[in-house]
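K.L.:
Here is what each chain is made of, one letter per residue.
Protein chains: 2
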Amino acid sequence: MANQASVLSESQTADAMLRARARRVVPGGMWGHLNAARLPEGYPQFFASADGCRVRDVDGREYIDFMCSWGPVLLGHRHAEVEAAARAQADRGDCMNGPGEVMVELAEDFVAMLPHADWAMFQKNGADATTSCVTVARAGTGRRKVLVARGSYHGALPWCSPSVAGITAEDRAHLLHFEYNDVAILRAAAAEAGSDLAATLVTAFRHDMGRDLELPTKEFAAAARQACDDAGAALIIDEVRAGLRLDIAGSWEALGVRPDLCAWSKAIANGHALAAVTGNDRFREAATKVFVTGSFWCGAVAMAAARATLRIARETAVPTKLHTMGLRLREGVATLARQHGIAIRQSGPPQMPLILFDADPEFRKGRAFCSAALRHGAFFHPQHNMFLSAAHGPADIDAAPEAASYGFAAVAALKAGDGP
Amino acid sequence: MANQASVLSESQTADAMLRARARRVVPGGMWGHLNAARLPEGYPQFFASADGCRVRDVDGREYIDFMCSWGPVLLGHRHAEVEAAARAQADRGDCMNGPGEVMVELAEDFVAMLPHADWAMFQKNGADATTSCVTVARAGTGRRKVLVARGSYHGALPWCSPSVAGITAEDRAHLLHFEYNDVAILRAAAAEAGSDLAATLVTAFRHDMGRDLELPTKEFAAAARQACDDAGAALIIDEVRAGLRLDIAGSWEALGVRPDLCAWSKAIANGHALAAVTGNDRFREAATKVFVTGSFWCGAVAMAAARATLRIARETAVPTKLHTMGLRLREGVATLARQHGIAIRQSGPPQMPLILFDADPEFRKGRAFCSAALRHGAFFHPQHNMFLSAAHGPADIDAAPEAASYGFAAVAALKAGDGP
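Chains A and B, in that order, give the protein sequences.
All letters in the first sequence, in the order written, are residues 7 to 426 by this note's numbering.
All letters in the second sequence, in the order written, are residues 7 to 426 by this note's numbering.
On the chain A side, residues computed to face chain B include the following (Cβ under 10 Å): (1) 35; (2) 63; (3) 74; (4) 133; (5) 281; (6) 292.
To list a few chain B residues with every Cβ distance to chain A over 10 Å, as calculated: (7) 66; (8) 232; (9) 323; (10) 354.
Cβ pair distances, simulated, as ranges: (11) B:188 x A:156: 44 to 52 Å; (12) B:320 x A:57: 28 to 36 Å; (13) B:121 x A:404: 49 to 57 Å; (14) A:369 x B:66: 55 to 63 Å; (15) B:287 x A:418: 40 to 48 Å; (16) B:26 x A:26: 51 to 59 Å; (17) A:170 x B:183: 22 to 30 Å; (18) A:351 x B:183: 51 to 59 Å; (19) B:291 x A:369: 25 to 33 Å; (20) B:291 x A:23: 19 to 27 Å; (21) B:66 x A:197: 56 to 64 Å.
By construction, these hints were calculated from the structure, which means they are not laboratory data.
All residues carry an ideal CB built from backbone N, CA and C; glycine is no exception.
Chain A extracted, bound-state conformation (with noise of 0.2 Å):
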């Protein structure tokens, strides 16, 4: 899967002369969480095409695609179905002064689709959606504080940006925060809110940049609903990056807890751009009277979009399909390293995989492997987890630890002191 391009110089490529033209008209040329800069070398920045599980660069390299553009793509790149509904809804408008019918359709179908909730509303963003979410509690309860877990991302507005370019105290001065699936600390973080608690803001799992990642612990879903119930609080679970991949019904419904709003967005329209917020009913009334918004929130297309993607995501089980499919991966991947003598950690749900190299604080070992791994075909991220899309089959998966291996390599090669 060696690749034809690479043979150029650096400075030769389209991908390259593309990052001159956009230092000259973007800042820094790129800006944030899809800026290569952030990758390891040889990392394309522009792409030209995908397809299926494979996205193809400016300069004709295919990859086989686990990233899923950092979640979005949840049945593959371009899906027929998909796309076909789309188109047959871009056909008849989008933006018409008000939604379409598709709109209370979509709705209908989260309502069904999942057992905490009785009403849902759309937006754009997954920031539009914890943000939502938290002025719904807010308005709900009468209260301010919010109980956030240190070091989960939930979307990069000022309030919650994991930067502190540009943003004021004030911006986060009714956050209080707890660690994820630690519930001494959970407690103590609602005690201290006391009887100002809003809401508990939750990912579906800890899934925070370049470390391991955590599935929660049935005791920490259950003391933070019960945080929650006690406080009169809303909890609140933000699907947003895990939504659909590990559980149609929420990604906590095997743990038994259900919560009061829930995020949604990345993907829930197989790449259209939209987002979600699903509520019980104790927050139908405080979801009335906030006043929320956007100019494209009620644009048809992405609703039909998200309809298809919904009934084929349910009638394809397709979480079980990655699951199965991230659980041939993980094998492939750890037999590849125990063969190398590499020592790595896989963790969390395999549906969302994560690789890490143990004693590699600086993640040199994971950036050497995912260069050497993209040179062979396969776009892994050394500190994020990836995902899986229903369109990676077992040929598809089965590539994978064959350019894993010359990421190990590469490792293998850095371990003796030669690497950058």
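Place chain B on chain A using the hints.
P.N.:
Okay, now just chain B, sitting in the frame of chain A:
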């Protein structure tokens, strides 16, 4: 233009049946600015299709659309060239682990189009863009205070929402208010912010709901620029609502005042979900330093739609066209109002019409006017500025006063005391 479906009783319409379904699964049946509960009697909530300058509701009633989905529709619904560009990109890919070449091209387009701009970044909502502008201004100045006009709308996030439900005092801790077009109060607010002034954020013109529109005076625009220059702060123009309708080069260009940062959305991709921040070199480093991002912000399809929209807006001088049609509408409506002996006020730029009635504090006249005009095929708004698109031709414009004449008759009937 009377509509066949209007003989159905209210509860038998498709719209009424959808509203009943929506009430079960959506808080209040609908949220935000597109909630038809905010509109006069008879307005539909749900739409079936749109084409050019016309929208059709789920009961088959067709209207000449003077809201353009509250701004996004600049060239007309389902504009053939824009949709072809979007589909050509969708056939290659949308969200692909990174942007396409189109991101660079679009940033180049913005920089070439806007004399103030050295760079551009992209988002999804207008509020993403205004929030990013404020964050960049704070990061660049190391300061906190932002001057905003009392009553101006900059989005519905907690820091700028026109509502207080679910909002905390700290969300607006660093906002100071001025009155639009009042130089003395603006200077007083800047003085109050003192050495902590990060930015002045101001809409392209005053377009507050339910009051006469006001273009900025030359003196006010210059004073806003001066206040920022004196303090070393950023002048941010919020072009989300007005952008591309007044002046392709920026709404304040004719006033001789250029912003440091500018927020764009709505019209820039003719209905596809996209927003942009443009800025000058003074704030390039700050824009590199902040972390702002979203799952769909690099989606290539909306960017392809934006490139086509910007090109057509430039090549066909869309603001001039809208201005001509807007004056034609204004004159037609004014003539009718005089004939009916009803005192109205039409304010602001003709491209974004607003018709208010004298002695109408609760908008009873405006609502009666709109209800009657709607029944005769014109989709107006009684309180919010309206929007023209390039698809409104002379015949469409001339049909509007015809519908409006029924509106004026309804207002005349109100004056006789037998209205609601």
